[in-house]
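There are 2 protein chains.
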Amino acid sequence: MSNKKNLTVCLTPDIFCNYNISDDSIIVVVDLLRATTVISTAFHYGIKEIMPVSDLLQAKEYLNKDNYIVAAERDALPMEGFEYGNSPFQYMNDDISGKTLVLTTTNGTKAINCAQDYHVITSCFINLNVVSDFLIHSSRDIVILCSGWKGLFNLEDSVFAGCLSEKLILSNKYQTNCDSVLASRILYNQAQGNLFDFLSDSAHRRRLKSLNIEKDTEFCLDPSIKSDIIPTLVNGKLVRD
Amino acid sequence: MSNKKNLTVCLTPDIFCNYNISDDSIIVVVDLLRATTVISTAFHYGIKEIMPVSDLLQAKEYLNKDNYIVAAERDALPMEGFEYGNSPFQYMNDDISGKTLVLTTTNGTKAINCAQDYHVITSCFINLNVVSDFLIHSSRDIVILCSGWKGLFNLEDSVFAGCLSEKLILSNKYQTNCDSVLASRILYNQAQGNLFDFLSDSAHRRRLKSLNIEKDTEFCLDPSIKSDIIPTLVNGKLVRD
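Protein chains in written order, with the numbering used here: chain G, 244 to 484; chain R, 244 to 484.
Hints listed in this document are in silico derivations from the structure and should not be mistaken for laboratory results.
A quick note: this is a predicted structure, and the numbers were derived from the prediction, not measured.
Incorrect hints may appear among the rest.
A pair holds if it fits inside one copy or across any two, identical chains being indistinguishable in the list.
[As the list claims (entries may be wrong)] With a straight-line cut-off of 25 Å between C-alpha atoms, the simulated DSS-like cross-links for lysine-lysine are:
1. Lys452 - Lys248
2. Lys291 - Lys342
3. Lys308 - Lys342
4. Lys393 - Lys416
5. Lys393 - Lys248
6. Lys416 - Lys248
7. Lys248 - Lys458
8. Lys458 - Lys308
9. Lys416 - Lys291
10. Lys393 - Lys410
11. Lys410 - Lys458
12. Lys452 - Lys247
13. Lys416 - Lys480
14. Lys308 - Lys248
15. Lys452 - Lys393
16. Lys452 - Lys308
17. Lys308 - Lys469
18. Lys248 - Lys291
If we strip away everything but chain G, and leave its shape as in the complex, we get:
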């Protein structure tokens, strides 16, 4: 019998319930463009905790409360009435330090909430190294959960899943019986070295291009900051691990 733990990639939250997931699995949520990159950026700049909420009404309850900042995005656009959106650059300021961020986005916060019965962490290129080291030493089954786009597969989260899968499989601590791991590794290996160009035809890159937020995309794919923080869901809030 192999002592290796199981690695699974789930390409969209809408099929998460189709997997047999062991109770002590770690679920790594990825929404590379841009929610999980925003989450790592906000922690890096001192946010205390992050509440992922699925709907706008729930987010609105926290508007104008002391020590809360509230961010909302739908269809890649910031929502009227909210000070913060889904651009990582908005979080690079001292105002956020020590506060609670209430965050609702099109896909990322839904993915986090759909996995909430498990040990949930979030990842992106900012904390890739610390997350992969943590997972390699965890001796637990892992599901990398891609947030996708409105219930559909997307390329950027899958490529990131392939990148993280590659590290885990090469550590020799993980095995897989999951075709999505094989596919995402192939996609990552094709993309490697030129992720920005590789994703240029992807649906979300085109969406962001048309909104002139190429700078966000560049940051998410090749961030200028690195972080050792592993955002971890505890009682419905993401906290530093």
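Chain G is already provided as a structure; the job is to place chain R on it using the hints.
Just chain R, lined up with the frame of chain G:
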């Protein structure tokens, strides 16, 4: 404005309902290992029509009826009490000529039934050329619907979707805004020329290997027959187009 029609790949029937599909779209169902290969083989050997049914009880109603043959498969195994299973070789005989095949399989028949409100055809390597020619001349939006495995992504259907997508995109009649098209084309281009080896680590190949049905897999990936028949769903039955 481009006159090109839209090409979409849906990686598993469980997210089919998340797509905005135009009413006159053609849905191409793929269950390469083995249901859609069985369907093309049966038509090639003279079956009159095929009724895809989702559950075993419904299939049992047709047992011992004149001019019907009934086939059932679950988890890659033929089911007790049914004469036929999901191996294409079983259908290479004159007994099936002119009869109706009632077919229930783990994934393929469910995919066909979930798309039944649209114009549904089935494809595999046996009828790839005639199907791609038909689609290129159809001037209709297309969704290639991968049957997957129990609601999950699988590699073989995605690679086939990539192969068919490649032909459609290169015809210059189709455009896509679908990341699954991009991904499946990359997978196909990696697999091209050595599909059997490429799929050797895939979950279903391993399942079939352990059941010693490698001969079926070889046939499905590189069939010794070609067919000009496009199985088309009409009133709940697949007929020759």
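Now the hints, each set against the structure:
1. Lys452 - Lys248: between (39 Å within a copy, 23 Å between copies)
2. Lys291 - Lys342: within (5 Å within a copy, 69 Å between copies)
3. Lys308 - Lys342: Within one copy only: 11 Å inside, 72 Å across.
4. Lys393 - Lys416: So Lys393 and Lys416 fail the 25 Å test inside a copy (33 Å) and across (27 Å) alike.
5. Lys393 - Lys248: between (30 Å within a copy, 22 Å between copies)
6. Lys416 - Lys248: within (6 Å within a copy, 46 Å between copies)
7. Lys248 - Lys458: The answer is neither: 38 Å in one copy and 32 Å across copies each exceed 25 Å.
8. Lys458 - Lys308: neither (31 Å within a copy, 67 Å between copies)
9. Lys416 - Lys291: So Lys416 and Lys291 fail the 25 Å test inside a copy (33 Å) and across (52 Å) alike.
10. Lys393 - Lys410: neither (28 Å within a copy, 28 Å between copies)
11. Lys410 - Lys458: neither (27 Å within a copy, 35 Å between copies)
12. Lys452 - Lys247: Between copies, since 22 Å is at most 25 Å while 42 Å is not.
13. Lys416 - Lys480: neither (29 Å within a copy, 48 Å between copies)
14. Lys308 - Lys248: Neither: 44 Å inside a copy, 50 Å across copies.
15. Lys452 - Lys393: within (19 Å within a copy, 36 Å between copies)
16. Lys452 - Lys308: Neither way: Lys452 and Lys308 sit 34 Å apart in one copy and 60 Å across, limit 25 Å.
17. Lys308 - Lys469: neither (30 Å within a copy, 69 Å between copies)
18. Lys248 - Lys291: Neither: 32 Å inside a copy, 49 Å across copies.
The earlier numbered hints that this structure contradicts are 4, 7, 8, 9, 10, 11, 13, 14, 16, 17, 18.
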